[in-house]
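Novice: Sequence:
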Amino acid sequence: MLTHPTLDQMAGLGLNGMAAAWRALTEQDPGEALDRNEWLGMMLDREVAHRADKRFANRLRNAKMRFPNV
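Heads up: the sequence shown is residues 65 to 134, going by this note's numbering.
Any given hint could be a false lead.
Stated by the list, open to error - Pairwise CB distance ranges (calculated):
1. 91 / 130: 24 to 34 angstroms
2. 129 / 109: 25 to 35 angstroms
3. 89 / 115: 15 to 25 angstroms
Calculated directly from the structure, the hints in this document are not laboratory data.
Just so it is clear, CB atoms sit at the ideal spot from N, CA and C, and this is done for glycine as well.
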């Protein structure tokens, strides 16, 4: 399976966290092989964390804190 079209599809769907997890898992040592369920679980966890971080960053930016550099 080609990874570039898969990564392009993930990026097109806005699944940037999942695409980052896919890249990290494909670069992993083959001796640490995970089954499909573990791969999917890790990719979904990364996507959820990525979206939560993005939401937090947006809220922080929109909060217009009095001392933003502190």
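Novice: Report the numbers of all earlier hints that the structure fails to satisfy, in ascending order.
Specialist: Hint 1 contradicted; others consistent.
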